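Protein chains in written order, with the numbering used here: chain S, 61 to 350; chain R, 252 to 701.
Any given hint could turn out to be false.
What the hints assert, rightly or not - With beta-carbon atoms standing in for the labels, derived distance ranges: (1) L147/S / A407/R: 27 to 35 Å; (2) A407/R / I196/S: 50 to 58 Å; (3) Q296/R / I196/S: 44 to 52 Å; (4) S521/R / A145/S: 31 to 39 Å; (5) I375/R / G243/S: 51 to 59 Å; (6) P654/R / V296/S: 45 to 53 Å; (7) L496/R / I216/S: 50 to 58 Å; (8) W265/R / D67/S: 57 to 65 Å; (9) A145/S / T564/R: 18 to 26 Å; (10) L334/R / L330/S: 17 to 25 Å; (11) A255/S / Q296/R: 25 to 33 Å; (12) L65/S / L412/R: 51 to 59 Å.
Claimed, not checked - Below, a list of computed lysine-lysine pairs in the DSSO-like style, where the Cα atoms sit at most 30 Å apart: (13) K351/R / K340/S; (14) K353/R / K339/S; (15) K289/S / K353/R; (16) K351/R / K230/S; (17) K351/R / K247/S; (18) K247/S / K561/R; (19) K339/S / K347/R; (20) K349/R / K339/S; (21) K351/R / K339/S; (22) K351/R / K289/S; (23) K353/R / K230/S; (24) K682/R / K575/R; (25) K351/R / K245/S; (26) K423/R / K351/R; (27) K230/S / K349/R; (28) K297/R / K247/S; (29) K245/S / K353/R; (30) K340/S / K353/R; (31) K230/S / K347/R; (32) K349/R / K289/S; (33) K425/R / K297/R; (34) K340/S / K297/R; (35) K297/R / K289/S; (36) K289/S / K347/R.
Note that these hints are calculated values from the structure, not bench results. Quick caveat: nothing in here was measured; it's all calculated off a predicted structure. Cβ coordinates follow ideal geometry from the N, Cα and C atoms, glycine included.
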Amino acid sequence: MGLELSDNTWLFLIASLVGISCSQVGCFLVLRRLSMLGDAISHTVLLGIVLAFLITSSLSPVFMIPGAIIAGLATAFLSGAISRAGLISGDAGIGIVFTCFFALGIILLSYFAGDTHIDLDCVLYGELLFSPMDTIEWRGEDIGPRAFWSLLLVVILNSLFIFIGFRSLKFSAFDPIVARTQGVKVKLWHYLLMAAVSITTVVNIESVGAILVVAMLAVPANIALLLSKRLLDMLVLSSLLGVASAIGGITLSERADSSPSASVAIFAGLILLLVIFLKKFFSRAGLAAD
Amino acid sequence: MEASVFLQESIEFWTFRDPAASWVLLASVLLGGIAGAVGCITFLQKRSLIGDALAHSALPGVTTGFILFSSRDPLFVYIGAILSCLLAAFCIVSMKAKTKIKDDSALAIVLSVFFAIGVFQLTIIQKNPLAAQAGIENLLFGKAAAMTKDDIKVLAGVSFLVFSFLVIFYQKIKILIFDSAYFQARGLGRMSIFGISLGENFFQKLLWLLIVVTIITGLQLAGVVLVAAMVLTPAAASRFWSNSLLRMFYVSALFGSISGALGAYISYLSPAMPTGPWMVVVASFIFFISAVFAPRHGYLSRILGRIRLKTQTREENILRTLFKIGEEEPEECPSIAWSQVARIRDLQMSRLKKSMSELAKQGFLFLDGEECRLSPTGLARAVQLTRFHRLWELYLTQEIKAPADHVHEDAEEVEHVITSEIESSILESLKDIESDPHGRPIPEKLEIED
Numbered sequence: 061m062g063l064e065l066s067d068n069t070w071l072f073l074i075a076s077l078v079g080i081s082c083s084q085v086g087c088f089l090v091l092r093r094l095s096m097l098g099d100a101i102s103h104t105v106l107l108g109i110v111l112a113f114l115i116t117s118s119l120s121p122v123f124m125i126p127g128a129i130i131a132g133l134a135t136a137f138l139s140g141a142i143s144r145a146g147l148i149s150g151d152a153g154i155g156i157v158f159t160c161f162f163a164l165g166i167i168l169l170s171y172f173a174g175d176t177h178i179d180l181d182c183v184l185y186g187e188l189l190f191s192p193m194d195t196i197e198w199r200g201e202d203i204g205p206r207a208f209w210s211l212l213l214v215v216i217l218n219s220l221f222i223f224i225g226f227r228s229l230k231f232s233a234f235d236p237i238v239a240r241t242q243g244v245k246v247k248l249w250h251y252l253l254m255a256a257v258s259i260t261t262v263v264n265i266e267s268v269g270a271i272l273v274v275a276m277l278a279v280p281a282n283i284a285l286l287l288s289k290r291l292l293d294m295l296v297l298s299s300l301l302g303v304a305s306a307i308g309g310i311t312l313s314e315r316a317d318s319s320p321s322a323s324v325a326i327f328a329g330l331i332l333l334l335v336i337f338l339k340k341f342f343s344r345a346g347l348a349a350d
Numbered sequence: 252m253e254a255s256v257f258l259q260e261s262i263e264f265w266t267f268r269d270p271a272a273s274w275v276l277l278a279s280v281l282l283g284g285i286a287g288a289v290g291c292i293t294f295l296q297k298r299s300l301i302g303d304a305l306a307h308s309a310l311p312g313v314t315t316g317f318i319l320f321s322s323r324d325p326l327f328v329y330i331g332a333i334l335s336c337l338l339a340a341f342c343i344v345s346m347k348a349k350t351k352i353k354d355d356s357a358l359a360i361v362l363s364v365f366f367a368i369g370v371f372q373l374t375i376i377q378k379n380p381l382a383a384q385a386g387i388e389n390l391l392f393g394k395a396a397a398m399t400k401d402d403i404k405v406l407a408g409v410s411f412l413v414f415s416f417l418v419i420f421y422q423k424i425k426i427l428i429f430d431s432a433y434f435q436a437r438g439l440g441r442m443s444i445f446g447i448s449l450g451e452n453f454f455q456k457l458l459w460l461l462i463v464v465t466i467i468t469g470l471q472l473a474g475v476v477l478v479a480a481m482v483l484t485p486a487a488a489s490r491f492w493s494n495s496l497l498r499m500f501y502v503s504a505l506f507g508s509i510s511g512a513l514g515a516y517i518s519y520l521s522p523a524m525p526t527g528p529w530m531v532v533v534a535s536f537i538f539f540i541s542a543v544f545a546p547r548h549g550y551l552s553r554i555l556g557r558i559r560l561k562t563q564t565r566e567e568n569i570l571r572t573l574f575k576i577g578e579e580e581p582e583e584c585p586s587i588a589w590s591q592v593a594r595i596r597d598l599q600m601s602r603l604k605k606s607m608s609e610l611a612k613q614g615f616l617f618l619d620g621e622e623c624r625l626s627p628t629g630l631a632r633a634v635q636l637t638r639f640h641r642l643w644e645l646y647l648t649q650e651i652k653a654p655a656d657h658v659h660e661d662a663e664e665v666e667h668v669i670t671s672e673i674e675s676s677i678l679e680s681l682k683d684i685e686s687d688p689h690g691r692p693i694p695e696k697l698e699i700e701d
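Just chain R, same shape as in the assembly (with noise of 0.2 Å):
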């Protein structure tokens, strides 16, 4: 394509210009939204394949709908799909709280039966194999492209209730995702209408409802495959950006648009290109970005912290070997040969000579040719480090009952990533704290002088 023409046909997709791509461009962000939202609760349920299992299951309710009625009325397809799927559901919950079966046999089995139905009854109806699986494939591939008007009412309906019902219930999901023992206990699940009780569990009844009609709505515009993938992948995608449920929701809805927008964007470009194959195609690419570039919680953020503390651990070691070395000599910080640390600590020189500029560099050494000598901040936090030491193994010899010849190892390791508030909770717990279970003393906290 020539970039005259690609940048005239980009102009015209975002400024609009072209109604009916306009109307494949909203109903793909509103898609992506609300798949990718109610996709956070499967997501965190550990139901992650739940999107494919009932899309799957879909197929008896619209057969048996046809079998019934003989009609091809979008609304008996539409509540012939959502009852089935409600019934394939309830199917997975009970099969895992009945029966040893465990998740994900319990999706496998109902995918396959349910989808097996399906199909069962349509070679009924047709009395051809063939033409049943011409029938099965337009469930498989969607026609996002093809979308009427009355398609883009009812999912903006379905997604102003999807969209209200996560506002109004935000809390009881919370609690029903992170503490859904607790949530039982305390009846939360309990609800009722004008004083009529609508039974114990209907809270998590109406959520399944919501999930399912967010599936069936996406299935009919965009096929199986791909209502699988939006309310799975901009979910996983957004837990590497955050902690918190609330802005999991927002990234998560965020994502799915980016994706329904650039897929159909994509197809408007080359209309030879599926818009749903697209979506998936770019919520898998954001998924990869933030699994591998994601502050804190991407792969290359969680090696590098890896490596920093590594390097950590390093220099604390040094100081420490520093300070013990001083301690049994008269003078507070005598200066120390670097061949001495390396023999202690088992380190190569090129390494020590690293930690060592660092370490000086960060004001905690003073270097002297091939000797060194702590500083004032270099003693205190040595002094620190040696404190949480011997009183980690303190707390192991007085409250584990550890011999006094095992703590010394997991004391190497805790004395990095001892914090004060730990600090005192062990001191609340531990009776004598004169020395450590080798006898020497436990240093008192320097405070440093400027």
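Okay, chain S solo, but in the shape it has when bound (with noise of 0.2 Å):
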């Protein structure tokens, strides 16, 4: 059933899904005031990828991404037990913990894998321009880009993921304490979305990059927070606005010839100050409610 499309389109529909699949965790990071924890995960992964790499010695992402992905909730579960045994506020904690994390990654790559050369590029650290070339094959014939798939499947897994736990994550992410007298497992939801924020962070750094993930993890659900009132209304409307971003961003990097997760990144930048100018306007112009 080859599917012959341009590498144009492909990047169009991947910038798109690392949008969708963004917005999905984003809008709950935001809720919770974890926005940072975007970009400690896109750190955390090197410490990752090497431990993997020192104990399969292999370089293959089978083995790669599943050590990112334990990093990163290793950086979530770390950074929250340091939050709750007071003084140090969330934000402290992401901190202390990432870079640390981080500093172990460099100090170990340079101690073990002095000789044998791990490029961070190549092995975790995608490049959305490059993604539609790395193509898979199923029952012998070309489907496209791996990037594409595994995408495709971090955005179903998420749906899937807020669709059965709507009611739970809703209520913890407004009211943790409400949420604990109706009878929802506040910490149980958390490790979960947790979880669904370490796998989104990972499975896109691998295909896209770093940059991009840590903006579109914050960037459109930010703007959505500032036009909706409803938690289903800023899903929807950050993962269009992501798709919108993705689609903005290709267009001005064809133009400028300039990299493109950087333009995504951009161009979503754009559209928030966009939105605080016309919030602004209108409410000066007392258009708007509030």
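Grab the two chains, each in its own frame, and use the hints to assemble them into the complex.
The following block contains the structure:
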């Protein structure tokens, strides 16, 4: 059934899937004030892949991705434990853990893997521009880029996760204390959410690179936060904004002949700027309710 | 490494015989020190990740400078980076002040979009995305081991500026951190030079400039992640050792310097080891030790405190039970069977035994086989506890208008933590202190005779 699409079309599709999958978990991160977790995980994956390499002596994604996901989970849990212990507020725990993990990753890399060349760019930090070229086969036929199918899988898993846990996730995002009195297992859902965040972040980084992922986790979700009042609206709007940034950004990168991942992130930032100014303008003109 | 070689190299390093290593040591200590001190401010303002965000935000300043002036002159790079960080700080502050977007989101947005702008420009400069990433890697990892004398001069100058700023404006910084509303209301941010006013929030702007200059200086020497760690981890560790800002500054700067010195030492011993990451690991280790073992605020100490409070509560409850049983009998301190206490307080015999012998050791009880009796000091303590308990019950019913049958549980908790200051302020607000809400007398304090 060979899928015959141009590289450019694949680029749009992949970037849109990045926007959607990041928005799905990004909304919850924004509401729980954990936006910087994406940035943190994008650094700690280094420790995960280095450890995975030292244990298995293989550079195959089969080991690298689970290693990175475990490192991401460890970041989320450890930083949560630090902030629960008191005196240290949420953000600080994240910062302490990820910088330490990243430093350990570099040290291990320079100590053990000094002569075996691990090129970070090739191993785990992907680049959107090249993602359409890395294709996979199914029953002997080329079915398109690996990044497309793995991101599609992430989007489907995330959708299922949100569909099943919508009420619990919503409750714990807005008011964990009330949620607990209503019988929601807040801690369990928090950990499940952290797992979803780790998986989403790692697969995205592997496909398109870290810069774009950090931006797509934070920017569309915050624009949606400014424009909506219900969680469902926020999720849908944020995904749409992710797709819009993908289309706008890739067009921009073609015009400027520059990095598509950076362009998509910049385009999302421009939409945010526009929305903030329009909101200020309309509220000054008395047209908006808030 | 052999022990003798290790010893010889250690002596060489710490007696500054190797000039190159001494420069690296000096730079790491200075950088750790200023980052640690400045980090206290951002940590207490709950902007812990600002180092991370601003360090990423420097990139577009550097690339824009390059596009505009086609120069790799360090001064251009420095100024470009500072300007772009200031713009980033402005975006973060105004996003928080003017929109619904929270602090953490503002950081993530500014970090990623600014960094993306930098990468965008880099790919245009180099017309090659891979070469662009190689450029970013230098920024990410830093070059602590390859420091030049000029770098040290700049660092020394910046350290002098930072420390003098902190000394001169210590009071202002303190007020801004702990009561920013008061700071605003008093207009403490207003400053002027030679009678020319510099604007309403000039001090805050100056403080941002200080933070940015510290971060950029560190960034050039040590890379993004290291800077993020050095303005955060030592400050967070110092929080466990002090409740005062001044002491936090000292401790944090000290922790930062120690991390710097040990990082430089480790990479001297084993040249394959990078200085910067070892600084971070040492700082994280100091944080871990502080968080677990620090007296008073550390995790262990707080757990011990909780256990101590529990034991104390149990012992005091026994004293009070003995007093309450004695209250209904004519004899002042009758002998009472242990089993009766155990029944009333619902205690296991083994626990009761332990608490009883502890109380006897402290002189509160006389033990006699399976019976026990309050000593005069024990009686005085029990009277005081009962007084606190009943005063609190009375306070809740009179002042908070709580129903009389709801106040006992609360008083059970509070009696163990009331101090004589709280007692006197309760007494001031109560009108009638004859008896508690259940009609029992409130005992007068007993003076202990020796």
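These are the hints, each one checked on the structure:
At about 33 Å, the beta-carbon gap between L147/S and A407/R stays in the expected band of 27 to 35 Å. Against the hinted window of 50 to 58 Å, the Cβ-Cβ separation of A407/R and I196/S comes to about 56 Å, which satisfies the hint. A hinted range of 44 to 52 Å holds for the C-beta pair Q296/R and I196/S, which are about 49 Å apart. The beta-carbon spacing between S521/R and A145/S, approximately 34 Å, falls within the hinted interval of 31 to 39 Å.
Checked against the hint of 51 to 59 Å, the pair I375/R and G243/S passes, with Cβ atoms roughly 55 Å apart. A beta carbon spacing of about 50 Å between P654/R and V296/S agrees with the range 45 to 53 Å that was offered as a hint. With their beta carbons about 51 Å apart, L496/R and I216/S fall inside the hinted range of 50 to 58 Å. About 59 Å separates the C-beta atoms of W265/R and D67/S, a value consistent with the hinted range of 57 to 65 Å.
The hinted range of 18 to 26 Å is satisfied by A145/S and T564/R, whose Cβ atoms lie roughly 23 Å apart. A hinted range of 17 to 25 Å for the beta carbons of L334/R and L330/S is consistent with their spacing of about 20 Å. The hinted window of 25 to 33 Å between A255/S and Q296/R holds, with their beta carbons roughly 32 Å apart. Taking 51 to 59 Å as the suggested C-beta distance range, the pair L65/S and L412/R conforms, at roughly 58 Å.
Restraint check for K351/R and K340/S: the C-alpha separation of about 12 Å stays at or below 30 Å, so the hint holds. With a C-alpha separation of about 17 Å, the suggested pairing of K353/R with K339/S holds against the 30 Å cut-off. Of the supplied pair hints, the one linking K289/S and K353/R holds, its CA atoms being roughly 16 Å apart against a limit of 30 Å. Taking the CA atoms of K351/R and K230/S, the gap is near 19 Å; set against the 30 Å cutoff, the hint holds.
A hinted pair counts as satisfied when its Cα atoms are at most 30 Å apart, and K351/R with K247/S qualifies at roughly 26 Å. Only pairs whose Cα atoms come within 30 Å are accepted, and K247/S paired with K561/R is accepted, the gap being roughly 27 Å. This hinted pair checks out: K339/S and K347/R have alpha carbons roughly 15 Å apart, not beyond 30 Å. With a CA separation close to 11 Å, the supplied pair K349/R and K339/S stays within the 30 Å bound.
With a C-alpha separation of about 11 Å, the suggested pairing of K351/R with K339/S holds against the 30 Å cut-off. For a cut-off of 30 Å, the pair hint linking K351/R to K289/S stands: about 12 Å separates their Cα positions. Only pairs whose Cα atoms come within 30 Å are accepted, and K353/R paired with K230/S is accepted, the gap being roughly 18 Å. Restraint check: the Cα-Cα separation between K682/R and K575/R comes to about 25 Å, which is no more than 30 Å; the hinted pair holds.
Taken as a hint, the K351/R and K245/S pair is honoured in the structure, with Cα atoms around 28 Å apart against an allowance of 30 Å. Distance hint between K423/R and K351/R is fulfilled; the C-alpha atoms sit about 29 Å from each other, no more than 30 Å. A C-alpha spacing of about 26 Å is found between K230/S and K349/R, which places the hinted pair at or below 30 Å, so the restraint holds. With a C-alpha separation of about 24 Å, the suggested pairing of K297/R with K247/S holds against the 30 Å cut-off.
Taking the CA atoms of K245/S and K353/R, the gap is near 26 Å; set against the 30 Å cutoff, the hint holds. Distance check on the hinted pair: K340/S and K353/R sit about 17 Å apart at the alpha-carbon level, within 30 Å; holds. In summary, the hint linking K230/S to K347/R is supported, as the alpha carbons are separated by about 24 Å, within the 30 Å threshold. Taking the CA atoms of K349/R and K289/S, the gap is about 18 Å. The hint holds against a cut of 30 Å.
For a cut-off of 30 Å, the pair hint linking K425/R to K297/R stands: about 14 Å separates their Cα positions. Pair hint K340/S plus K297/R holds up; C-alpha atoms about 27 Å apart against a cutoff of 30 Å. The straight-line distance between the Cα atoms of K297/R and K289/S is roughly 27 Å, inside the 30 Å bound, and the hint therefore holds. Only pairs whose Cα atoms come within 30 Å are accepted, and K289/S paired with K347/R is accepted, the gap being roughly 19 Å.
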